[in-house]
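**Student:** Just so you know, the sequences run in chain order A and B. Read in our numbering, the first sequence has 73 at position 73, and its numbers run on one by one without any break. Count along the second sequence from 1, then add 1000; that gives the number in our numbering.
No lab work stands behind these hints, which were simulated from the structure alone. From a predicted model like this one, the values you see are computed outputs, not experimental measurements. Among the clues, some could well be false.
With a straight-line cut-off of 30 angstroms between C-alpha atoms, the simulated DSS-like cross-links for lysine-lysine are [said to hold, decoys possible]:
#1 A/Lys114 to A/Lys68
#2 A/Lys102 to B/Lys1009
#3 A/Lys102 to B/Lys1071
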Amino acid sequence: GNSVTQMEGPVTLSEEAFLTINCTYTATGYPSLFWYVQYPGEGLQLLLKATKADDKGSNKGFEATYRKETTSFHLEKGSVQVSDSAVYFCALTGGMGYNFNKFYFGSGTKLNVKP
Amino acid sequence: NAGVTQTPKFQVLKTGQSMTLQCAQDMNHNSMYWYRQDPGMGLRLIYYSASEGTTDKGEVPNGYNVSRLNKREFSLRLESAAPSQTSVYFCASSEGDRVNNQPQHFGDGTRLSIL
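The whole structure should be built from the sequences, with the hints applied where relevant.
**Tutor:** Printed below as a string of structure tokens:
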């Protein structure tokens, strides 16, 4: 079945460091891929998305590229800030022979950024 | 622009009590979902409604019931609350469009404690 695997956290970085959070997926066909961010005490907010192979989603300095050959959608940011401290979720929906209305989420990666 | 609204935000129940969590969206979305989020467990799908008039079980439906009251509203009921149902509950909605791959939108959550 469909699934999403993302790296275990927590990830602790100093301000202005480079961030990578790995995400790989299993799905038939051509799913759409998303990154969500959850700040403490809040719901999930869409951070970026990509709907087809080689698409690059970007928002607020974060980027992720849809790599079908490696079934990956890694999240990157060149210079993190303390305000980026949150939990990040990778997710997918769609795909051949798949109930399009269902979404699958990774387990979340907590990011701590120190001043 | 309200998006997805959940009520209440916090609730404490005694074991065996019943309660209904309310969710409404103002984006004219077809699909709606209920998740629970436990520490270290990520998001788990309880029930979803692909369209008005339909509901389906997710990963963890036991102990819950749902009602898709109309296109806007999707409620979650605990008939006899148990301590294992202590969690943060999130409602989400999406267009459910198989062509445009739109993401889910989340409410701010209901923090439920069962003593």
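**Student:** Which numbered conditions among the earlier hints are violated in the structure presented, ordered from lowest to highest?
**Tutor:** 1
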